Amino acid sequence: DVKVTQSSRYLVKRTGEKVFLECVQDMDHENMFWYRQDPGLGLRLIYFSYDVKMKEKGDIPEGYSVSREKKERFSLILESASTNQTSMYLCASKGRPGEQYFGPGTRLTVT
Amino acid sequence: SQQGEEDPQALSIQEGENATMNCSYKTSINNLQWYRQNSGRGLVHLILIRSNEREKHSGRLRVTLDTSKKSSSLLITASRAADTASYFCATDAGRAAGNKLTFGGGTRVLVKP
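Residue numbers (the working numbering), protein chains in the order written: chain A, 60 to 170; chain B, 1499 to 1611.
To be clear, the hints were calculated from the coordinates, so they are not data collected in a lab. Certain hints may be false.
[Said to hold, decoys possible] Derived pair list, reagent style PhoX-like, types lysine-lysine, alpha-carbon separation capped at 25 angstroms:
(1) B:K1567 to B:K1610
(2) A:K116 to B:K1598
(3) A:K116 to B:K1554
(4) B:K1598 to B:K1554
(5) A:K130 to B:K1598
(6) A:K112 to B:K1524
(7) A:K114 to B:K1598
(8) B:K1524 to A:K129
(9) A:K62 to B:K1568
[Said to hold, decoys possible] Between beta-carbon pairs, the in silico distance windows are:
(10) B:L1573 to A:S124: 37 to 47 angstroms
(11) A:V111 to B:Q1512: 22 to 32 angstroms
(12) B:A1595 to A:E138: 34 to 44 angstroms
(13) B:S1556 to A:T74: 39 to 49 angstroms
(14) A:D118 to B:D1505: 41 to 51 angstroms
(15) A:K112 to B:E1513: 35 to 45 angstroms
(16) A:K112 to B:A1595: 38 to 48 angstroms
(17) A:S124 to B:P1611: 41 to 51 angstroms
(18) A:T142 to B:T1518: 20 to 30 angstroms
(19) B:N1597 to A:G122: 36 to 46 angstroms
(20) A:E138 to B:E1513: 21 to 31 angstroms
(21) A:R68 to B:L1608: 29 to 39 angstroms
(22) A:K72 to B:S1526: 17 to 27 angstroms
Quantities reported herein were computed from a predicted structural model and do not represent experimental measurements. Where is the CB? At the ideal position from N, CA and C, for every residue including glycine.
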């Protein structure tokens, strides 16, 4: 079974802090994705990556950056956290065309 | 922007009943997928239907796709309390759209024992 893990289930940070969310997949997938999920807005794509050191903006990249130095790891960075970035963050990976495999999510609260 | 829109937003049924939810989308797709999310957890892939398919089954799940109407439905037969979850449709517009998935807002399903 594909396993996608995220570094934290719950995270509380202060406004202005730099925040790192880590995602690791164990199936040698080329494609990895970061989403945020908010009530009433569904899942929105922040960034995705086709390969190591490659990244593409999704629908809501503002305020975020990403890093993919190794194939199995895709990091989401909040350069200066703000309260409107309080959300559930979901990482996913994709191998063969089609389905994505999701991690358990990180619920981030910025105070 | 959301490509898929689910209907209804919420559904409450008794155990043993069938649950049907619908998804509409706006642009051409390569495939459409359905996912389940249990409360506060990640999404789990349920089923994928390609644009040239009209119906697909997987266990108690039945998915239909009507590309002329740009709509899909997910039917869960003989529901169980464990089916309580949110269900999302997601469209894949293929390489031209970067092989990304675009998710709808979801349908919350409550199955009462």
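Each hint, compared with the structure:
1. B:K1567 to B:K1610: Measuring from Cα to Cα gives roughly 32 angstroms; hence the hint is violated.
2. A:K116 to B:K1598: The hint holds at about 11 angstroms.
3. A:K116 to B:K1554: Violated: A:K116 and B:K1554 sit about 33 angstroms apart, past 25 angstroms.
4. B:K1598 to B:K1554: This hinted pair holds, its Cα atoms lying about 22 angstroms apart.
5. A:K130 to B:K1598: holds (18 angstroms)
6. A:K112 to B:K1524: violated (32 angstroms)
7. A:K114 to B:K1598: holds (13 angstroms)
8. B:K1524 to A:K129: violated (36 angstroms)
9. A:K62 to B:K1568: It is violated: about 33 angstroms lies between the C-alpha atoms, which goes past 25 angstroms.
10. B:L1573 to A:S124: 37 to 47 angstroms: holds (42 angstroms)
11. A:V111 to B:Q1512: 22 to 32 angstroms: Given range 22 to 32 angstroms: violated, Cβ gap about 50 angstroms.
12. B:A1595 to A:E138: 34 to 44 angstroms: violated (28 angstroms)
13. B:S1556 to A:T74: 39 to 49 angstroms: holds (45 angstroms)
14. A:D118 to B:D1505: 41 to 51 angstroms: About 22 angstroms separates the Cβ atoms of A:D118 and B:D1505, which means 41 to 51 angstroms is violated.
15. A:K112 to B:E1513: 35 to 45 angstroms: violated (50 angstroms)
16. A:K112 to B:A1595: 38 to 48 angstroms: Roughly 22 angstroms apart at Cβ, these two residues miss the hinted range, so it is violated.
17. A:S124 to B:P1611: 41 to 51 angstroms: holds (46 angstroms)
18. A:T142 to B:T1518: 20 to 30 angstroms: Because 39 angstroms falls outside the window, the suggested range is violated.
19. B:N1597 to A:G122: 36 to 46 angstroms: Violated, since B:N1597 and A:G122 (Cβ atoms, about 24 angstroms apart) do not stay within the stated range.
20. A:E138 to B:E1513: 21 to 31 angstroms: Given a distance of about 48 angstroms, which is not inside 21 to 31 angstroms, the answer is violated.
21. A:R68 to B:L1608: 29 to 39 angstroms: violated (24 angstroms)
22. A:K72 to B:S1526: 17 to 27 angstroms: Check failed, 41 angstroms falls outside 17 to 27 angstroms.
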